[in-house]
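Final position of the sequence shown in my numbering is 169; the numbers increase by one with none missing.
Calculated from the structure, these hints are not laboratory results. For every residue, glycine included, the Cβ atom is placed at its ideal position computed from N, Cα and C.
Distance ranges between label pairs, derived from CB positions:
| # | residue 1 | residue 2 | range |
| --- | --- | --- | --- |
| 1 | Leu-28 | Thr-125 | 15 to 23 Å |
| 2 | Ala-124 | Lys-83 | 47 to 55 Å |
| 3 | Leu-96 | Leu-75 | 18 to 26 Å |
| 4 | Gln-35 | Leu-5 | 43 to 51 Å |
| 5 | Met-154 | Gln-35 | 54 to 62 Å |
| 6 | Leu-96 | Pro-126 | 27 to 35 Å |
| 7 | Ile-93 | His-116 | 32 to 40 Å |
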Amino acid sequence: MRRLLDFLYDSAAALAALFMIGLLGMVLLSIASRQFHFHVPGTDAYAGYLMAAAGFLALAHTLKRGEHIRVTLLLNFLKGGAKKAFEIWALAIASLLALLFAVYSCKLAWQSHEFHDISTSSDATPLWIPQIAMAVGTVILAIAFVDELVLEMMGKRVDASSGEALRNE
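All chains, full assembly: derive it from the sequences and hints.
Shown next as C-alpha cells:
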C-alpha cells in the first residue's frame, strides 16, 4: 500500500511538472505573439488553467516532503504524549478540511459539466476541464492528509522537516 500511495503522490507531482512546462510554453507563445505581431486567442486563460493545475496537483507531494508551511511554535514546547496528541488533533482537522475541500472541488467540476458552464474569456473553454485538475489534486491531498494521520496514530510517521531553514540566513 505504501508503494501505491508514494506512486500516486509522485505521479501527481510529475503531472504538475508537465503542466508547469505547458505554462512556460503558453507564456513564451504569448511573448512571441506580441513580438512578431500575431494573435493566439486564449493564451492567458490557458496559462491560468495550467498554473492552477500545477499548483493543485503538487499539493500532496509537497505535504509528504515536509515543504508545506507549518506553524510549529506550540509544537516546539510540547513533549511526549502531549505533542503526539496535538499532532493527531492537527492532522485530524487538516484531514477533515482537505476532505471537505475535495468534495466541494469535485462537486464544482461536476456542476460545471452539468450546467455546461464555459469560460467568459474568448476561448469559451468548458470550465469542468480545468476544474478536473483541481478536483484530482484536492482528492490526492485529502488522501495524503489521511495517510499522515494514520501514520501518526500508528507511530510510524517520519517528520519530514524541510531544509528551508538551512537555505535561509
